[in-house]
Amino acid sequence: MSKIGRNEPCPCGSGKKHKNCCIDNSNNNVVILPTNKLKTQFINEFKKNPYYKVENGSVIPIHEALKSSRNFTLAILEQMIGFLSSSEVRDDLVNVNCNDLIKLVDMGDEYFYNTIIKEILEVNGHKQFSIDNYIRNRRASDLKDSLTNSEKIILNHVAINIISEYRLKSDFKKLDYGAMKVLTEFAHQIILKGIDENINISGVTIYIDKDELKSWEIHVEDSLFQTIDVKKNIYLEWEPLSVIDNFNSINKTELCGLTSESQKKLATALTIEKLYGNDDNSIFSFSSLVIEYFGVVEKELGNIIRLHEKSPKPKRRMWNDLCNYFESHNIPQLSEKLPIYDILRALHPIRNKAAHGEFITKEDFDKVKSLTYSNRLIEFISLELTRRLEYNFSRQR
5 MSKIGRNEPC
15 PCGSGKKHKN
25 CCIDNSNNNV
35 VILPTNKLKT
45 QFINEFKKNP
55 YYKVENGSVI
65 PIHEALKSSR
75 NFTLAILEQM
85 IGFLSSSEVR
95 DDLVNVNCND
105 LIKLVDMGDE
115 YFYNTIIKEI
125 LEVNGHKQFS
135 IDNYIRNRRA
145 SDLKDSLTNS
155 EKIILNHVAI
165 NIISEYRLKS
175 DFKKLDYGAM
185 KVLTEFAHQI
195 ILKGIDENIN
205 ISGVTIYIDK
215 DELKSWEIHV
225 EDSLFQTIDV
235 KKNIYLEWEP
245 LSVIDNFNSI
255 NKTELCGLTS
265 ESQKKLATAL
275 TIEKLYGNDD
285 NSIFSFSSLV
295 IEYFGVVEKE
305 LGNIIRLHEK
315 SPKPKRRMWN
325 DLCNYFESHN
335 IPQLSEKLPI
345 YDILRALHPI
355 RNKAAHGEFI
365 TKEDFDKVKS
375 LTYSNRLIEF
385 ISLELTRRLE
395 YNFSRQR
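Each residue of the sequence shown is one higher than the one before, counting from 5 in this note's numbering.
By construction, these hints were calculated from the structure, which means they are not laboratory data.
Possibly wrong hints are sitting among the right ones.
Claimed, not checked - Label pairs and their calculated CB-CB ranges:
(1) Asn99 with Thr272: 18 to 24 Å
(2) Asp95 with Leu393: 16 to 22 Å
(3) Leu393 with Asp370: 30 to 36 Å
(4) Leu393 with Gly112: 43 to 49 Å
(5) Ala350 with Arg310: 56 to 62 Å
(6) Ala350 with Met111: 54 to 60 Å
(7) Arg310 with Asp283: 37 to 43 Å
(8) Ser286 with Ser91: 47 to 53 Å
(9) Glu241 with Ile167: 29 to 35 Å
(10) Glu126 with Asp213: 21 to 27 Å
(11) Lys278 with Asn356: 25 to 31 Å
(12) Ile64 with Pro336: 25 to 31 Å
(13) Asp95 with Asn334: 17 to 23 Å
Just so you know, even glycine gets a beta-carbon here, dropped at the ideal spot from N, CA and C.
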């Protein structure tokens, strides 16, 4: 957060000096724009610094945890970043850290001094009288290093989001550790830089590139005569700097049963659609997009059949071969969820048009995407592949 001098031009563009316009006298580091509409309060360019070190297999935070409640918070976040950066994430410890953050939001300094510090002193054999005196003196000297309500809003939102990622996870999808790490790094930046007590946060925009935090914005609303609720809901908006990488990242977690090649093909199709799909539909040919969808369905259904038949060698099946197979064969669970044969037959004419280089219209594309993507054919294929691969893996152990 950059400092803005009182005599510098106001950043709102009014032409007045900052001291005569939007300055918040309680904190010159913060710009409050004179409007009831949501506005960006500040943009932070994220610069990655070391968060932790690893000693004897343990994650050691950079900040000294017992120095103050703010340091304790930073140390928790640094430890979480270390856990989430590991090739084998300790999910149990990440959840413990998140619960610590929520207690800091709920109890504030009380949790740090009367739980953490007190327990350490008791374990070391200190008497209650000396403990009380020590805590009282520590709290008086550390008063300026307490967390503000605005910072607690961010901490609460980040912790709840990460806990929800665990609780809502499907058995056939992967946890998005990349997103969790980005959120934790963002929270760390907030606590490290600090936010004024009276900033009523309404939302956050996070800019990412290849699962890396690049920058962020905090949006505020008018807080005049309002009590700031540290447990309030705020909106979180992700802004990927690379569209195709973002789609591929989503596919890795949401469609983790597909091969890496198929995940990339879908990311390619979704990116082209996002960038050019709204252009003049009478000129734009959707051939390349539908070919990607057809290619994914052909390959992954072939993989399911191979696993179902326990065939050691993959057999290349064209679209018509798949239609004939599912007309006479049932694959448990997959065939129960969707009318596979009917879907494949409905798409066959468009598939042939694309394969023979004919013009594919927007209407053709909408039908393909509806039957393969929107109606969850590809999702169910991914679920079936995940289930079968996990079953085979458990049998081999």
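Each hint tested on the structure:
no.	hint	result
1	Asn99 with Thr272: 18 to 24 Å	violated, 36 Å
2	Asp95 with Leu393: 16 to 22 Å	holds, 21 Å
3	Leu393 with Asp370: 30 to 36 Å	holds, 32 Å
4	Leu393 with Gly112: 43 to 49 Å	holds, 47 Å
5	Ala350 with Arg310: 56 to 62 Å	violated, 24 Å
6	Ala350 with Met111: 54 to 60 Å	holds, 58 Å
7	Arg310 with Asp283: 37 to 43 Å	holds, 39 Å
8	Ser286 with Ser91: 47 to 53 Å	holds, 50 Å
9	Glu241 with Ile167: 29 to 35 Å	violated, 20 Å
10	Glu126 with Asp213: 21 to 27 Å	violated, 47 Å
11	Lys278 with Asn356: 25 to 31 Å	holds, 27 Å
12	Ile64 with Pro336: 25 to 31 Å	violated, 49 Å
13	Asp95 with Asn334: 17 to 23 Å	violated, 37 Å
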